[in-house]
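Listed in order, the protein sequences are those of chains A and B.
With my numbering applied, the first sequence corresponds to residues 1 to 113, in that order.
With my numbering applied, the second sequence corresponds to residues 114 to 229, in that order.
I should point out that these hints are in silico values taken from the structure, not numbers from a laboratory.
Be aware that a few hints might be false.
Result set (DSS-like, lysine-lysine): computed pairs, CA atoms no more than 25 Å apart in a straight line [to be verified]:
{"id": "1", "chain 1": "A", "residue 1": "Lys-93", "chain 2": "A", "residue 2": "Lys-105"}
{"id": "2", "chain 1": "A", "residue 1": "Lys-105", "chain 2": "A", "residue 2": "Lys-70"}
{"id": "3", "chain 1": "A", "residue 1": "Lys-56", "chain 2": "A", "residue 2": "Lys-26"}
{"id": "4", "chain 1": "B", "residue 1": "Lys-196", "chain 2": "A", "residue 2": "Lys-105"}
{"id": "5", "chain 1": "A", "residue 1": "Lys-69", "chain 2": "A", "residue 2": "Lys-56"}
{"id": "6", "chain 1": "B", "residue 1": "Lys-183", "chain 2": "B", "residue 2": "Lys-122"}
{"id": "7", "chain 1": "A", "residue 1": "Lys-108", "chain 2": "B", "residue 2": "Lys-122"}
{"id": "8", "chain 1": "A", "residue 1": "Lys-26", "chain 2": "A", "residue 2": "Lys-105"}
{"id": "9", "chain 1": "B", "residue 1": "Lys-183", "chain 2": "A", "residue 2": "Lys-105"}
{"id": "10", "chain 1": "A", "residue 1": "Lys-105", "chain 2": "B", "residue 2": "Lys-122"}
{"id": "11", "chain 1": "B", "residue 1": "Lys-183", "chain 2": "B", "residue 2": "Lys-127"}
{"id": "12", "chain 1": "A", "residue 1": "Lys-56", "chain 2": "A", "residue 2": "Lys-105"}
{"id": "13", "chain 1": "B", "residue 1": "Lys-170", "chain 2": "A", "residue 2": "Lys-93"}
{"id": "14", "chain 1": "A", "residue 1": "Lys-56", "chain 2": "A", "residue 2": "Lys-70"}
{"id": "15", "chain 1": "B", "residue 1": "Lys-196", "chain 2": "A", "residue 2": "Lys-26"}
{"id": "16", "chain 1": "B", "residue 1": "Lys-184", "chain 2": "B", "residue 2": "Lys-196"}
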Amino acid sequence: SQQGEEDPQALSIQEGENATMNCSYKTSINNLQWYRQNSGRGLVHLILIRSNEREKHSGRLRVTLDTSKKSSSLLITASRAADTASYFCATFKAGAGSYQLTFGKGTKLSVIP
Amino acid sequence: DGGITQSPKYLFRKEGQNVTLSCEQNLNHDAMYWYRQDPGQGLRLIYYSQIVNDFQKGDIAEGYSVSREKKESFPLTVTSAQKNPTAFYLCASSPDYASGVLNEQFFGPGTRLTVL
């Protein structure tokens with residue numbers, strides 16, 4: 001079953017605006033990663049946040065993690081047309097020697113020039 | 114130019130035929146993975162390999178087979194037993210199995226398989 005569920009499924013904004021995507025998950029996790037996928041391409045890792053962290057920054061990206069609500073958000077500030085892509089969260093929970101990521105269904109972001 | 118390559122980019126096959134998707138990496142990574150992506154869906158793990166000559170089933174291994182005879186290569190065969198093979202297939206790697214979840218996975222560009 002899917003662990004992470006992104007919200008919204010699709011988001012359309014004007015260039016220069018901020019974009020916020022959310023990821024909710026069902027069980028406790030060790031960490032959560034965000035990936036980006038341009039149309040018809042592979043995924044690119046953006047940022048990882050550990051369960052004992054609340055916020056991380058990387059350039060125009062800000063990720064928060066609320067373990068009490070089992071949710072994470074990805075904020076892209078001052079969006080650009082080149083940010084148009086799908087964004088996926090992926091969760092990891094250690095257990096029984098398993099080191100698998102569980103991916104959500106993604107948020108499709110369109111940034112209009 | 115380091116990275117992961119997948120070939121071909123597009124693949125068309127008739128129903129009932131086996132087909133093999135190629136995945137090669139020159140990152141010197143021990144761990145490699147195969148994922149399937151359907152429209153509007155997240156990635157689902159088919160098989161993974163922690164090291165040469167070893168591989169394990171993921172969540173949706175039925176109808177697929179893999180081999181890991183060389184560190185650089187992890188081909189995926191989609192067999193005729195796979196009921197709905199049309200999908201986008203992504204290969205990934207990480208320095209080792211644990212780092213794939215503790216740090217990141219590196220993805221190839223994908224192969225789009227269409228079964229007619």
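The hints, checked one at a time:
no.	hint	verdict
1	A:Lys-93 with A:Lys-105	18 Å, holds
2	A:Lys-105 with A:Lys-70	17 Å, holds
3	A:Lys-56 with A:Lys-26	22 Å, holds
4	B:Lys-196 with A:Lys-105	22 Å, holds
5	A:Lys-69 with A:Lys-56	18 Å, holds
6	B:Lys-183 with B:Lys-122	22 Å, holds
7	A:Lys-108 with B:Lys-122	22 Å, holds
8	A:Lys-26 with A:Lys-105	14 Å, holds
9	B:Lys-183 with A:Lys-105	32 Å, violated
10	A:Lys-105 with B:Lys-122	22 Å, holds
11	B:Lys-183 with B:Lys-127	29 Å, violated
12	A:Lys-56 with A:Lys-105	22 Å, holds
13	B:Lys-170 with A:Lys-93	18 Å, holds
14	A:Lys-56 with A:Lys-70	16 Å, holds
15	B:Lys-196 with A:Lys-26	29 Å, violated
16	B:Lys-184 with B:Lys-196	30 Å, violated
The earlier numbered hints that this structure contradicts are 9, 11, 15 and 16.
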